[in-house]
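*Asks:* My request is simple: use the sequences and hints to build the entire structure.
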Amino acid sequence: MARYALRRLLFLVPTLVGMSILIFAMVRLLPGDVVDAMFTGDSGATASAKQAVRKALGLADPLPVQYLKFVGGVVTGSLGQSLTSGEPVATIMTRAIPITVELAVLAAVTATVVGIPLGVVSAVRPNTSLDFAARVGGLIGLSVPNFWFATLALLATSLFLHWIPPVTWIPPWQDLFGNLQQMAIPALAISVYLMATVMRMTRASMLEVLRQDYIRTARAKGAPSRSVMFRHALRNSLIPVITVIGFQVGTLIGGATIVEVIFGLPGMGYTLVQGIFSRDYTVIQFAALFLASVFVVVNLLVDLLYGVLDPRIEQA
Amino acid sequence: MSAQPTLELHVGGRLKPTLPRLWLQLSRVRRNTIGIIGVVIILATVLVALFGPLVWRTDYASQASRRLLAPTAAQPLGTDQLGRDQLSRIIHGAQVSLQVGMISVVIALVTGTIIGIAAGFYGRTVDAALMRVVDIMFAFPGIVLAIVIAGLLGPSRTNAMIAIGIVYTPAFARVVRGSTLSVLSLPYVEAARSLGIRDTRIILRHLLPNITAPLIVLTTVYLSTAILTEAALSFLGLGTQPPEPSWGSMLNASRSYMERAPWLAIAPGLAIMVVVLGFNFLGDGLRDVLDPQLRDA
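Protein chains in written order, with the numbering used here: chain F, 1009 to 1324; chain Z, 10 to 306.
Be aware that one or more of the hints could be misleading.
[Said to hold, decoys possible] Only some residues are given here: those of chain Z computed to face chain F with a beta carbon under 7 Å:
(1) Ile145
(2) Ala148
(3) Phe149
(4) Leu162
(5) Val198
(6) Phe244
(7) Pro271
(8) Ala274
(9) Gly278
Rather than coming from a laboratory, the hints here were simulated on the basis of the structure.
From a predicted model like this one, the values you see are computed outputs, not experimental measurements.
The C-beta atom is built at its ideal place from N, Cα and C for all residues, glycine as well.
*Replies:* Written out as structure tokens, the structure is:
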């Protein structure tokens, strides 16, 4: 197990290097750059003036040099500055990361707490109208666009509760209640899809486990139905559910990106989208690399956790 | 081999569907309520996209009406902030959604299938090189990669289609590679090879027909994802550009007039949800039919 984990960790290095190359290539090879974006509508800027700005920003260096600077920045921790605002990228990220993490954690917890019980109920009573409702409800949950859900939730709260979310982010360490109130709708909007996924996975996994011989054995020896359900069935069916929650971290990151833009929450996704609109290379590169690294690392941890939870799994 | 395509192959106890068998299985969809609802929703959407403009003749760009009118008989979905008829814009949005969904999934399907077959068929270096790139692309959350590509290419509908196509290529490549490897290990491929049949013929006659089942399920699933992604990109201003209506950008525009005209926020979102739901229903139904192991799950 330890050797397997070590090998997987080592394999992470080429993946991260590959990702950094891909991000760098996308950002640099595609048309238009930050200088063009800065001077849009300003026809007075001559080509030589633009070139001077590029030189000052380090964009005139050969691409391999720029790539090495980018990777060097990741390794040494000196991330450079935003090309548009001049603010250090490290400052931007320390401000943005907690917001995205809080959103993702709140969404994951909500999805788990609601999704698992719904899945269990649906599996225990298969082919009833309750089960059908849960299945259809699950598919609807997979189909509701999170940005629509967020829009409708905003509409409902402003119409019925006369409450409009504050425009600036309230850190939880300043005002925990205000923060949770502000984050509730965004987190719920992100969690709907995950909730449906968790519900469907719990149902499928529970049905699978309920067919196993050891469940029949437990029933045959006269174990009470409740104990069979919870001690034998549910515990075993949760293993794949946990991994699904882990693997859905991409959904959480993607959902957070969109919802942050809607609610003006200055998290990592918001930062990335703003960076793209202004072609702020340094910001795009580090934000994209950060989001992708979180995704890869969480997936790896889930993979390893799976082996710990279910020792039957062979790790070749 | 190819003279007897209906032959059922039992591999490790699982049925490998050949093409005629596939149609037999598709006929089972009829007994699958959720799948049928899906088909009905999709057909209805296609009909609306194709014939809607002929039935509802109001021009989606005309600003003839008063602004932000509530729904009435003359304008069943009201008018928007520029006095344009919302129903005609929703109808046009159906065309946009289906077009973007289909073209981007075809891009992903074709490139993914080529990459997957190349990797599975030629193995070794080709496989290693292609699959490393696929793995790395897979290591990005889909919507984030789509936002980056679409944003950097420049916001337009064509670029959104390219971005979505690129983002979902790895998923197709992986599935095709896996299916290719499992089909290549079957005796009839070995037989075909020993007869000296050319690679292209083996790929076209023996391999492709036998990997269609998983591809069909994957295509329906990704059609729904692609439509949702296009809506998200347009919502963020990275997809279809105004004045052309698309559901995502309509929804985005509605947010400024939400309290005065809530119907503007409801119709486009509902449209996205219903279409995506249709494809999800169909995908679920097809999975039940095509993958007997999961039928009760």
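*Asks:* Should the hint that Z/Ala274 touches chain F count as held when the rule is a Cβ pair under 7 Å?
*Replies:* holds (5 Å)
*Asks:* Using the nearest Cβ pair, does Z/Ala148 come within less than 7 Å of chain F?
*Replies:* holds (5 Å)
*Asks:* Min Cβ distance, Z/Phe244 to chain F: is it shorter than 7 Å?
*Replies:* holds (5 Å)
*Asks:* Given Z/Ile145 was flagged as interface, is its beta-carbon under 7 Å from a beta-carbon of chain F?
*Replies:* With Cβ-Cβ at 4 Å, under 7 Å, it holds.
*Asks:* Using the nearest Cβ pair, does Z/Pro271 come within less than 7 Å of chain F?
*Replies:* holds (6 Å)
*Asks:* So, Z/Leu162 near chain F? Judge it on the closest CB pair being under 7 Å.
*Replies:* Hint holds; Z/Leu162 Cβ to chain F Cβ min 6 Å, cut 7 Å.
*Asks:* Would the hint on Z/Val198 stand, with a C-beta cut-off of 7 Å toward chain F?
*Replies:* violated (25 Å)
*Asks:* For the restraint on Z/Gly278, tell me whether the closest CB of chain F is nearer than 7 Å.
*Replies:* Because about 3 Å separates Z/Gly278 from the closest Cβ in chain F, which is inside the 7 Å limit, the hint holds.
*Asks:* Return the status of the interface hint for Z/Phe149: holds when the least beta-carbon distance to chain F is below 7 Å, violated otherwise.
*Replies:* holds (5 Å)
Checked against the numbered hints above, the structure violates only hint 5.
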